[in-house]
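S.K.: Residues per chain, in single letters:
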Amino acid sequence: MVTVLLYLFGILAILSALGMVFHRNPVYSALFLVVTFFSLASIYALLGAQFLSIIQVMVYAGAIMVLFVFVIMLLNLRKEVRLPIGKPAQVIFGVIFGLLLFVEGLLIIKSGSISGTLGRYPQAKVNVIGNVEALGNLLFTKYLFPFELASIILLVGMIGAIILGRKKMPKEL
Amino acid sequence: MTQTGNIILDVVIIVIKIVIVLGVNLTIVAYLTLAERRVSAFMQDRLGPNRVGPAGLLQPIADGIKFFTKEEIIPAQSSKLIYLMAPSFVLFPAFLTYAVIPVGPTFSAWGYSFQMEIANLNIGILYILALTSFVVYGVVLAGWSSNSKYPLIGGLRSAAQMISYELPLGLSIIGVLMIVGSLRLSEIVNFQTHLLWGFLPRWNVVLQPLGFLIFLIAAFAESNRLPFDMAEAEPELVGGYHTEYGSMKFASFMLGEYAGMITSAALMTTLFFGGWDFPWVNESALGVWGILLAVIAFSLKTGFFLFLYLWVRWTLPRFRYDQLMRLGWKILLPLALVNIVVTAIVMAFLA
Amino acid sequence: MTGFYIVLLFLLTGIFIAGMSLAVSRILQTRKAYPEKYISYECGELPAGESWIQFNNRFYIIALIFIIFDVEVLFMFPWAVVFDEYGLLAFVEMLIFIVILLVGLAYVWAKGDLNWIKPRPQLAHLPKEKGE
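Chains as they are written, first to last, in the working numbering: chain A, 1 to 173; chain B, 1001 to 1351; chain C, 2001 to 2132.
Since the hints were derived computationally from the structure, they do not count as laboratory data.
Computed from a predicted structure; not experimentally measured.
We put the CB at the ideal spot given by N, CA and C, even for glycine.
Heads up, some of the hints might be wrong.
[Said to hold, decoys possible] Some chain C residues close to chain A (C-beta under 8 Å, calculated; not the full set):
| hint | residue |
| --- | --- |
| 1 | Phe2004 |
| 2 | Phe2059 |
| 3 | Ile2065 |
| 4 | Phe2077 |
| 5 | Val2082 |
| 6 | Asp2084 |
| 7 | Tyr2086 |
| 8 | Leu2095 |
| 9 | Phe2097 |
| 10 | Leu2102 |
| 11 | Gly2104 |
| 12 | Ala2106 |
| 13 | Trp2109 |
| 14 | Ala2110 |
| 15 | Leu2114 |
| 16 | Trp2116 |
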């Protein structure tokens, strides 16, 4: 049951990702991306990471994609405008790095399952105390400093984004 | 019983629960529309719809038939596929949230443990928040795909409103979660069944009055109801984001909106008013009567909050958009943060 | 049956019911097509110009601010749940977190990104509102 659903959502994620890339209309692309995020969230939920799946839905589908749709509406993008492909050097490097990434992915898949030592919260323990509780415990103990750091990064990110956003957006975009 | 037999029994019971929950809620939605019109009429010293059936009780059925038989019109200007899809983004999240709301305590009978909710998720409250964040799409896409002026303005306005009030909504719950220590709705209710100082019901509204107030206001704004219905401010925007919608697609928007009202009323009950708890009574000790009492208590509390929606509608005037944004960002958001800090101080020093 | 499957089952039931009602509506409804029906609504007039209007940049900025705060709020959930177990340490940590959040809020507040235009008639004899 789990395996079947995993494959189903995996295929859905890949198909909608392809749809996102190839569709000409930006709104449809954005919606395809929402479907991709949703399938990813389902995969997380199937693997027992409920909190992660909710975060995936709330942050990516519920917040970031809303911003995308806003931008599409603000600029009234109905049909995609094809920009001329960049300089030949860019194309060559793009192809080379794309191929490298693809080969790397293949090698990882070929190497079989990724194994490691179990952490402080293996699946059995998480099932007992709960997903969110386990995460909260880790945030309070082991990852206390990164946790606070994350909030500062978010603050810097927000200020940066707003300063950029306040400038007049270029008309021809 | 065998293993597979158990699973089949589980599935059958869950499907029955789903059908009951959907049936009951669709009926409540239908009668909520009638209640809205009757209560509005009462408050304005009118009669309201009272011709169809005794005291107008068949009015929702007449409305339903009308929705079913109206011609579906897809405006020529619209982006067809998205135009057709948009209502489902409002409709499904509103109904899916019912899955985690407990209407009574867990009880066992015939060697089987019955849960009075469809799914007892350990991330219950986050599940509801995640689903409600999908409603924004329905509103924005309906506005955009209609390719008409009023829906576009209405859609963008209410989308900005909804995301603005999602923050105070989420933050107002944090205080409750700190006290209870669980995201599971059944545990949040169980926590509230005890008494405070021996006589006061330990409902979260007693412990988190400010949190409740913020939640109440934010929930009103989230469901796009008066006094926050900028999205469909009739005098200026005609129908708002669903101006171009008709027949069953319009009905989907309405169903979604009213279902959302029921969800937020049920959530207010569950999070802040003890859920199915009837104070000073131990429901689990009373057997079947206890369950019945719990369900009645839950329905009465939820019913009260639904009435509050109608009451507020005819009591407060509509906000202006700049006032709305100021209330959300400059008053509710800081207040919600203060509420968390105060809760933390009290808890840290009591511990 | 764990939660996820139940929710999936619920969703499928919902889609089935919604699809059925749409199909029934399709069968029951009358259809008479004439071109005026398919014109966008504009108070009975023929639609003038494009439907798109130049929108205020504020909507975009509000969405940006929302994303950051949404992430921060979500960070607070796991830690609100275990708050009780850690007492004073948790309190200090949360205070730092909230103060950082408040700095962000104070920044956008002071810079005026949360201000929306007030609909005020531009009449010379009216006194100006404070801070305008």
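S.K.: What hint numbers does the structure not satisfy?
M.R.: The structure breaks hints 6, 8, 10, 12, 13, 14, 15, 16; every other hint is satisfied.
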